[in-house]
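**Student:** Mind docking chain G with the ligand on chain F? Use the hints.
As a plain string of letters, each chain reads:
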Amino acid sequence: MATKRKITTADKKPAPRPDLIGGHTLSMYVNNEPGVLMRICQVFARRAYNIDSLVVSQGRDPRFSRLTLGISGDPAGLSQIIMQCTKLIDVIHCFEHMPQDAVVRELAMIKVMVKGGEKRTEVLQIVEHFGGKTVDLTESSIIVRIEGASDKVDAAMRLLVTYDIVETVRTGKVVMARGEGIT
Amino acid sequence: MATKTKTTKKRKPKEQLDGAQAMIKTLADLGVEYVFGYSGGAALPIFDALETVKSDIKFVLTRHEQGACHMADGYARATGKPAVVLVTSGPGAGNTITGIMTAQMDSIPMIIITGQQVTWMLGKDAFQEADIFGITIPVVKHNYLVRETNDLPRITREAFHIATTGRPGPVLIDVPKDISQSPFTGDMNAEIDLPGYNPEASYEIDDQDIEDAALIINAAKRPLILAGHGAMISGAEMELMELATRLNCPVTSTLLGKGVFPETHELALGMLGMHGTAYANKAVCECDLIINIGSRFDDRIIGKAEEFGKNAKIVHFDIDPSEMNKMITPDVQVIGDAKAALKKLLKKVDSLETTSWLEKLDGYKKKFPLSYAKQGGLRMQKVLDEFYELTNGEAIVTTDVGQHQMWAAQFYKNSESFKWISSGGAGTMGFGFPAAIGAQFACPDETVIAVCGDGGFQMTLCEIATACIHKLPVKILVLNNHYLGMVRQWQEMFFDNRESGVDLEGNPDFVKLAEAYGCKGINIKRPADVRKKLQEALAYNDGPVLINAECVKTDLVFPMIPAGAALEDMLTERPKHKMAKPIGST
Ligand SMILES: Cc1ncc(C[n+]2csc(CCOP(=O)(O)OP(=O)(O)O)c2C)c(N)n1
Numbered sequence: 001m002a003t004k005r006k007i008t009t010a011d012k013k014p015a016p017r018p019d020l021i022g023g024h025t026l027s028m029y030v031n032n033e034p035g036v037l038m039r040i041c042q043v044f045a046r047r048a049y050n051i052d053s054l055v056v057s058q059g060r061d062p063r064f065s066r067l068t069l070g071i072s073g074d075p076a077g078l079s080q081i082i083m084q085c086t087k088l089i090d091v092i093h094c095f096e097h098m099p100q101d102a103v104v105r106e107l108a109m110i111k112v113m114v115k116g117g118e119k120r121t122e123v124l125q126i127v128e129h130f131g132g133k134t135v136d137l138t139e140s141s142i143i144v145r146i147e148g149a150s151d152k153v154d155a156a157m158r159l160l161v162t163y164d165i166v167e168t169v170r171t172g173k174v175v176m177a178r179g180e181g182i183t
Numbered sequence: 001m002a003t004k005t006k007t008t009k010k011r012k013p014k015e016q017l018d019g020a021q022a023m024i025k026t027l028a029d030l031g032v033e034y035v036f037g038y039s040g041g042a043a044l045p046i047f048d049a050l051e052t053v054k055s056d057i058k059f060v061l062t063r064h065e066q067g068a069c070h071m072a073d074g075y076a077r078a079t080g081k082p083a084v085v086l087v088t089s090g091p092g093a094g095n096t097i098t099g100i101m102t103a104q105m106d107s108i109p110m111i112i113i114t115g116q117q118v119t120w121m122l123g124k125d126a127f128q129e130a131d132i133f134g135i136t137i138p139v140v141k142h143n144y145l146v147r148e149t150n151d152l153p154r155i156t157r158e159a160f161h162i163a164t165t166g167r168p169g170p171v172l173i174d175v176p177k178d179i180s181q182s183p184f185t186g187d188m189n190a191e192i193d194l195p196g197y198n199p200e201a202s203y204e205i206d207d208q209d210i211e212d213a214a215l216i217i218n219a220a221k222r223p224l225i226l227a228g229h230g231a232m233i234s235g236a237e238m239e240l241m242e243l244a245t246r247l248n249c250p251v252t253s254t255l256l257g258k259g260v261f262p263e264t265h266e267l268a269l270g271m272l273g274m275h276g277t278a279y280a281n282k283a284v285c286e287c288d289l290i291i292n293i294g295s296r297f298d299d300r301i302i303g304k305a306e307e308f309g310k311n312a313k314i315v316h317f318d319i320d321p322s323e324m325n326k327m328i329t330p331d332v333q334v335i336g337d338a339k340a341a342l343k344k345l346l347k348k349v350d351s352l353e354t355t356s357w358l359e360k361l362d363g364y365k366k367k368f369p370l371s372y373a374k375q376g377g378l379r380m381q382k383v384l385d386e387f388y389e390l391t392n393g394e395a396i397v398t399t400d401v402g403q404h405q406m407w408a409a410q411f412y413k414n415s416e417s418f419k420w421i422s423s424g425g426a427g428t429m430g431f432g433f434p435a436a437i438g439a440q441f442a443c444p445d446e447t448v449i450a451v452c453g454d455g456g457f458q459m460t461l462c463e464i465a466t467a468c469i470h471k472l473p474v475k476i477l478v479l480n481n482h483y484l485g486m487v488r489q490w491q492e493m494f495f496d497n498r499e500s501g502v503d504l505e506g507n508p509d510f511v512k513l514a515e516a517y518g519c520k521g522i523n524i525k526r527p528a529d530v531r532k533k534l535q536e537a538l539a540y541n542d543g544p545v546l547i548n549a550e551c552v553k554t555d556l557v558f559p560m561i562p563a564g565a566a567l568e569d570m571l572t573e574r575p576k577h578k579m580a581k582p583i584g585s586t
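If you read the sequences in order, they're chains F and G.
Numbering follows the numbering used here, in which position 15 of the first sequence is assigned residue number 15; successive positions increment by one, without gaps.
Numbering follows the numbering used here, in which position 239 of the second sequence is assigned residue number 239; successive positions increment by one, without gaps.
So here's chain F without its partners, still in its complex pose:
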């Protein structure tokens, strides 16, 4: 599951990084305190794992925060890193979620320059196909919002890449365990 893809006007067709395909999704429940993120990031950096995406927000109980991390790297070492994170005093729990057991969503905003009505119509068609929304529209530009599973966002990106994209912003994925599973 690709989570980080740089698209710039200079580089329209980036090759997907093979190590990102099948990226891991971790969730953490942690104390909501300054410095906690620093501790967690150090565990990953020291073992040369890249954090491809990171979403942090306050939990329902404001004493805690929820994290979703998209991680790429060797799965063998990852289970050890999960234990090293769990060991941190500020971490209540840390789990890896498999795609079949969890709902994963993210949101992307894409700014496309559209000079001329023809291009604009094409872009809007693509966006509609993916259930996206137009959130900003000017004579020369359009910002679209696409949300869903990361691979859906990726697919939309792949189609839009042929247009004049100037900026993209992705939230990074958030995860929730299905059924009675714990996130």
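It should be emphasised that the hints constitute simulated quantities derived from the structure, not laboratory data.
Mixed in with the good hints there might be a few duds.
Claimed, not checked - Below 20 Å or equal to it, Euclidean Cα-Cα: the simulated EDC-like pairs (lysine to aspartate or glutamate) are:
1) G:Lys124 - G:Asp178
2) F:Lys87 - G:Asp193
3) G:Lys326 - F:Asp74
4) G:Lys343 - G:Glu211
5) G:Lys581 - G:Glu307
6) G:Lys471 - G:Glu515
7) G:Lys54 - G:Asp29
8) F:Lys87 - G:Asp320
9) G:Lys471 - G:Asp503
10) F:Lys115 - F:Asp164
11) G:Lys326 - F:Glu96
12) G:Lys348 - G:Asp206
13) F:Lys87 - G:Glu200
14) G:Lys374 - G:Glu573
15) G:Lys365 - G:Glu266
16) F:Lys87 - G:Glu204
17) G:Lys81 - G:Glu200
18) G:Lys339 - G:Asp209
**Tutor:** Showing chain G with the ligand alone in chain F's frame:
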């Protein structure tokens, strides 16, 4: 005429503490005996509280903050209890890093309190402001930057709890000056609040894991117990002895596990690993079962991981789940406190028939004994061997890092826990002498010997002053080869004997140096004098004594397994052929 004054009963004002006083009171409540430290501006309120709060806490002014950490470390290793380090902000705090890292690597409980700039100056590069919270995250078990005066007692108590339970480690508390100086209006008994920390769980051992372990153990023919520091921390000496004798199973220990199983016992094989005994390493290669109790399979004991115990099943007991599968993938893992786990295991295992296995190992003991050349000058091994004899192996021995450390590990056999104090994981030069001071404070009636190289001793020798002031009868043994001997050994063996950055020319006259501090000094130059001079040192108890032993300059430590090589590739003598540079590890 004096007017009659109304005699109002003077009401004692309600005791108003400031944050620093509340903190020191909490430390006293927790039973802290010693604070080692070095003063400075940001820590002034805390130093003042040491004077204004009545308590039994004793403060020791060291000569360097690193020394303070190693003293607290030595104190903890000799007692199992933590001591406190108290230093100022910025450079004071910075000087503690190596000491904290040393404690973290070897799971040593320690509380480090650092003064800090006032809160509103943080992040503004104010005088002596350093982000010590951020700097120390990778080298502590946990740390705090205190933001509320009223949190001080709770945080202090949490720090203590975290440092001393589960797998122990250092905890740092950074206290801005305004926080320590402000009035304390909170609850001195505020409860600790650590929802992400549950060390009690380590006493619940999974029954199935014990069953699985017992199944493998009961089927073994050539078992080997590997005893680590974890067994010592959990106090599992009796269970370990019971297990070894019931199974008729030989026991090897790690550098930090020395003493948890008596090294003089007939089942003991001594230390394993890079400079371990040949018979311990042979046992690892030939056994069919390794029962690892509280060792983290450090790279210096396993050598090439793929080859380690390749003929053996492996059972790994560890309190820290993140040690499982890290270096070695065990067949059975038992997570939890070693003593609790062994108690359960002992209900499930029977005696084993291992006569031929033990005979085989005895053969190795005879074929590859630890020995040294009696000719060719004064050898470190000889001095250590004599010291061992003269103290009946009962002294507390601390070491620095290098050749002398490995020889001390080989020749000073330990029969008890907490009597061997050596920096293992970090391999910190400069550790040995201050650690001995800490151990001597903890155990005033024991003989404490600091075994140092001439290199490492010079890193923290300023603490002679500390030892002298407190009249601590520490025996400082400087095994002087005028070289950074261990590094020179590697250069001789793997770098065509090209010496680079290892010649300690410019060494002082150590005896004169000691005398300048008011410390007794003794020189040993000839093998024939060793016993007499050591006896003289042992008989002197009015203060520290430094023994400078002029040793062979270019001796090599054997056995040796080159870093990253398989245990089978052990060298027991100077190699005749050129060696490849080790690449697997350092
Ligand atoms: C602080 C620190 N710096 C460098 C080293 C690398 N090192 C390991 S052993 C050693 C030589 C130690 O020399 P010495 O203290 O004279 O002891 P010897 O090996 O000669 O017994 C060195 C430099 C270290 N372990 N610690």
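**Student:** Hint by hint, say whether it matches the structure.
**Tutor:** Do the hints match the structure? See the list:
no. : hint                : in the structure
1   : G:Lys124 - G:Asp178 : 16 Å, holds
2   : F:Lys87 - G:Asp193  : 16 Å, holds
3   : G:Lys326 - F:Asp74  : 14 Å, holds
4   : G:Lys343 - G:Glu211 : 13 Å, holds
5   : G:Lys581 - G:Glu307 : 19 Å, holds
6   : G:Lys471 - G:Glu515 : 14 Å, holds
7   : G:Lys54 - G:Asp29   : 11 Å, holds
8   : F:Lys87 - G:Asp320  : 8 Å, holds
9   : G:Lys471 - G:Asp503 : 33 Å, violated
10  : F:Lys115 - F:Asp164 : 9 Å, holds
11  : G:Lys326 - F:Glu96  : 18 Å, holds
12  : G:Lys348 - G:Asp206 : 13 Å, holds
13  : F:Lys87 - G:Glu200  : 14 Å, holds
14  : G:Lys374 - G:Glu573 : 15 Å, holds
15  : G:Lys365 - G:Glu266 : 11 Å, holds
16  : F:Lys87 - G:Glu204  : 17 Å, holds
17  : G:Lys81 - G:Glu200  : 18 Å, holds
18  : G:Lys339 - G:Asp209 : 15 Å, holds
Checked against the numbered hints above, the structure violates only hint 9.
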